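Construct the complete structure from the given sequences, taking the supplied hints into account.
Counted the way the working numbering counts, the sequence shown spans residues 530 to 652.
No lab work stands behind these hints: they were computed from the structure. All figures in this text were calculated on a predicted structure; none of them were measured in a lab. For every residue, glycine included, the Cβ atom is placed at its ideal position computed from N, Cα and C. Treat the hints with caution; some may be incorrect.
[Unchecked claim] Here are the simulated distance ranges between beta carbons:
| no. | residue 1 | residue 2 | range |
| --- | --- | --- | --- |
| 1 | Met586 | Arg541 | 31 to 37 Å |
| 2 | Ala598 | Glu645 | 18 to 24 Å |
| 3 | Gly565 | Pro618 | 27 to 33 Å |
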Amino acid sequence: MPLHWIIDSKERLFSAVAEGDVTKAEFESYLDTIDGADLHAWRKLFDGLHAHTTMGMDNIMALGVRMRASHQKSAVGALAIVAQEEMVPMFTRVLGMLAAANRPLRVFSDLAAAREWILRQPL
530 MPLHWIIDSK ERLFSAVAEG DVTKAEFESY LDTIDGADLH AWRKLFDGLH AHTTMGMDNI
590 MALGVRMRAS HQKSAVGALA IVAQEEMVPM FTRVLGMLAA ANRPLRVFSD LAAAREWILR
650 QPL
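Below you can see the structure in the form of structure tokens.
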């Protein structure tokens, strides 16, 4: 599966790793996990360094809308996104939606720096 995750209850950290082609259904499963386990307020680390997607902008925006809607239901924790620099422009609109939430958010090109930053964020 191109998208897998670890729920660390001690650190209150939800870490996801995306590899290969991530589909809309796989990303929805990731969001379903956040919803089902009520992880919205937890810190999140999303490692997309080795990921890509063939999703069109319509699907990407639909996922962004879903994430934005969840922010209105409950508090959200800090988010660190790790991505190849060339992928960031593709997700700029979605990142704008995520940045509108009242929480720390940073995009990194280095996983170690992202992990260090997210672990310094308040629970």
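Verification of the supplied hints:
1. Met586 <-> Arg541: 31 to 37 Å: The hint (31 to 37 Å, Cβ to Cβ) holds, given that Met586 and Arg541 are roughly 33 Å apart.
2. Ala598 <-> Glu645: 18 to 24 Å: violated, 31 Å
3. Gly565 <-> Pro618: 27 to 33 Å: holds, 32 Å
In summary, the one numbered hint that this structure violates is 2.
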